[in-house]
Amino acid sequence: MAKLTGIEIYKHLPKTNCGDCNFPTCMAFAMQVAAKKVGLEQCPHVSAEAKAALSEAQAPPMRTVTIGAGDRALKLGGETVLFRHEEKFHHPTVIAIRVRDDLPEGELTQRVEKINQLQFVRVGQLIGVNAIAVEQTTSDVNRFAQVVKVAAEKSPLALVLSSTEPQALKAALEVCAERRPLLCAATKENFTELAALAKEFKCPLAVRAATLEGLADLTQQIKSLGVEDLVLQPEISGLADGLAKLTQLRRLALEKNFRAVGYPVMVSIPESDPFLETAYAVTFVCKYAGLIILDGAERWQLLPILTVRQNIFTDPQVPNAVEAKLYKVGEPTPQSPVLVTTNFALTYFTVEGEVENSRVPAYIAVVDTGGLGVLNAYADDKLTAEAIVKAVKSYGVMDLVAHKKLVIPGLVAVLKGEIEDLGGWEVLVGPEEAAGIPAYLKNEWKA
Amino acid sequence: MPLAIPDVKKTWTNAINTVTLGATKDEGGTRTKKVTVGGATALPFHHFEGKMPYPPAIAMEVWDVAPQDWPEVLAEHFRDVWHDPGLWAKKCVEQYGADLICLRLAGCDPVRQNRGPQEAAQAVKHVLESVGVPLIIWGTGNDDKDNEIFPAVAEAASGENCLLGTITEDNYKTLVALCTAYKHKVIAESPCDVNIAKQVNILATDMGFKPEDIVIYPTSAALGYGLEYVYSVMERARLAALRGDKMLSQPMICDIGIEVWGVKEAKASEQELPEWGAQRERGPLWEATTAYVYLLAGADILVLRHPQAVASVRQAIKQLMGDGLT
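Listed in order, the protein sequences are those of chains A and B.
Position in the first sequence counted from 1, then plus 87, gives you the numbering used here.
Position in the second sequence counted from 1, then plus 4, gives you the numbering used here.
Hints are computed from structural coordinates only; laboratory data are not their basis.
The calculated SDA-like cross-link candidates involving lysine to any residue, where the alpha carbons are at most 20 Å apart (straight line), are:
(1) B:K268 x A:V447
(2) A:K343 x B:K13
(3) A:K241 x A:V262
(4) B:K322 x B:G54
(5) B:K13 x A:F170
(6) A:K310 x B:I9
(7) B:K14 x A:R171
(8) B:K268 x A:E519
(9) B:K214 x B:T22
(10) A:K275 x A:A347
(11) B:K268 x B:Q72
(12) A:K412 x A:D486
(13) B:K268 x A:P518
(14) A:K236 x A:K289
(15) B:K268 x A:V208
(16) B:K268 x A:Q206
(17) B:K14 x A:E173
(18) B:K13 x A:A347
(19) B:K322 x A:D360
(20) A:K289 x A:Q308
(21) A:K175 x B:S236
(22) B:K322 x A:L363
(23) B:K55 x A:G325
(24) B:K268 x A:G523
(25) A:K310 x A:T151
(26) B:K14 x B:K55
(27) A:K201 x B:G281
(28) A:K241 x A:Q206
Pulled out of the complex, with its shape left as it was, chain B reads as follows:
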């Protein structure tokens, strides 16, 4: 006698918010492509019990200045274009198929070139003119500097429905006000802590900002450098959201390239560490693997650097979305 299998499918009470980035000409922008993420009614890729209407999106990272410290296995792909963020963005979209561009305003960082608001706005405009995909614009992480450059940046991208970040518990008022005024979405950052993730969202919405216009950045750690903490924070946030917590129902973004390409496992050459094998594969695989793990925990947007990581993460997403299944 065949055994009857008990039903283990779960029905959750709440769905993850959908967030659409980019605005076309009709909508007051100039984007030729929009990207929507979120909308899941179950845990990541649990197609057997719920919907995941939009696959996670891949953003490729572009800087407003040429980076100085990228290892050769990464730098070699961008050295021909990184003097010009427009060309760099174009290469990411046309050659590597990036869904989004994440423009990091690294040149404005006081420890780098300390560029001002006008130069930042110029870089934003230039990238917007160069590509048709929606933009993520990431500040320096220096509160004073971000508050100084974002007014010009948000205005330069007015109507384009970009994703701007980040706001934190200690610094949110300026950027939230700007995102309201110029109709952008915002990235809410918290230091690997579910309660603070929620708190930042509450602070922003208390200013009248719509919870549907927020994307959670739970911080990202590279594989081997605290990945498991972030993984569990993301799983807990996603479970709370599906159980009905509206202040954690936002899609999540993972800023992976910047973390991974700062650690030895990606940066060190074979000459330095022969026992770790070929850096040409090890570097991009360290980045891709970090992304694979966060996908399972609920990542909706992944910010990546290496073209090979981008290609293989895209392939993994396709498979996780059930491509080829009936």
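So here's chain A without its partners, still in its complex pose:
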């Protein structure tokens, strides 16, 4: 949020110290408004102009725009920082895959279905492609609408309608407007018609120009036509040019509070080699795109792109932890092993994944280490013999198994003796790396 000081707010108040706001002076009231303790509307005398000026200034520097509808709605923009360590990035970059309207019917359905499948589970989260961008490449208006219809019917994903022809977009909107697709894009040639479409069908509108000035000009004109849910699409010529433009747009919005570009940004990636296309994709995930469009639809290409997005949009101030409790993998029996690990999410999910791979049902006893991994937790005295024994006892897991054996991470083998003394169980030292778990459970573990 753009922050206004008390003084700036005070300038817009009646300065009568009437007390009708329940504060003794206008200044006192202004300070409370600045601190967001009370709303401006608590002053019955503030003028409409002052309200407008203040609410404009208090609006977030970058608008949040929603595409898609219902539980598939996606938020773009609303970002507040340049660097994720300063706070966090709020709305993960929407990944859209391109579908051209010149695809033959059979391939079209196949491609849409392939895109639908681009979903993965990583560290307990579902990560996936969010949108399909139908791109007009033929001059056949009806063909474009037809392809959009197929995409809308065959896919629950959000839609981006890539065309600069008002007629084609109108035909497409008639079959999918209730999905709140992103219209892409208004240019200086077509913006009047596209703004009218965006208004009529209540859809967000992308704005395309080659320069930052061009973008700012266009958004101002479109805003004056009553359309405000805009997404900026700078034309880019290469990776360096794209990085320069997106960086400057983010700075203009956040550091200069420059309203004309205070919108989320999208990039349509112009590169078809999958490795280089991935370089573009992750560059703009890290550096400031709210939405990217790419061609690649192979699982080996999307997994790394989606993982970068998951990593970069992680909140740096929240330790990535799972609940410290007893977890079951498969249907453990009294003969199943009991493994100890930490509650650092990455550690837990890696261990869980490897236990699954081993196809040996097991209990995983997770110790609360404040979200630290095995070595860090050990160094920080969070993964101690006492902590392990206390956790394992409180879960009662040793009553669920017939044996009295506990498997601890190989990296803390040194705790073996102490746990045996405190817990009275036999302690087995597991592998140092989670990757060694399947071999360990299959070859070495014995109840």
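Position chain B relative to chain A; hints supplied.
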């Protein structure tokens, strides 16, 4: 009326140090090529507001012993040469265009072959004779062992202006003294922590070592395995440097291949995990993608393994450097 766009260009008070590796015959070495990194006066690839005089360099990893556990999609490119680090290095330079060779003395690791200082020095000499590019020489990470082998290693590479590593907060005296005596640069390692990165540099410079002869290793994590922590540590270090912190103004090195080729996303075959797609592409792309992200955070030297990752990272660097732009 066109709107006037406010100027958002930043001028920083400090530049990243330049570090040149390798020494030619005239300079007391035998290198035919030198590599310079660093020198940036702005954030990575922000050509619109500052200079980035040297592109990030790519080092390819060579071992002194044949690796045992490299997955086939990686091993197949090196199996013909990995019995001989000289041939291996030559292939990396001649066939894959490596700017630098990173010789990892894995064979000296007590958990592997526990080779001694003379064998380590021999491997170093052999690689130096086989290629003309500058050398990075990476120890075992076992403090006692590194302190045992580096005296012979540093001497064997005397005058060649190599980059040796690593020093840490707990183990820096031996290697810093050796790098001073034999005129090498040093890699300062810290566990994903800006303050410790700075502290290691202070410890080394307190011994009289020049801050300009240090390269920061902020540790590297593979994509999906803590990458975001390292990314932010690197961004914070780079911002501090540009704002004037001389003890963080060193170029940064990322040791990527060793991390990536240890994780399932690169190692697992399609038979194991069909839902992740073809390993032949997935493995090298996992490595390249990890590198792409670190480039944006300020990586100046990338240590990589797979030829396809090397080729595509080189292409990305070229584009990020603004190749083809006026």
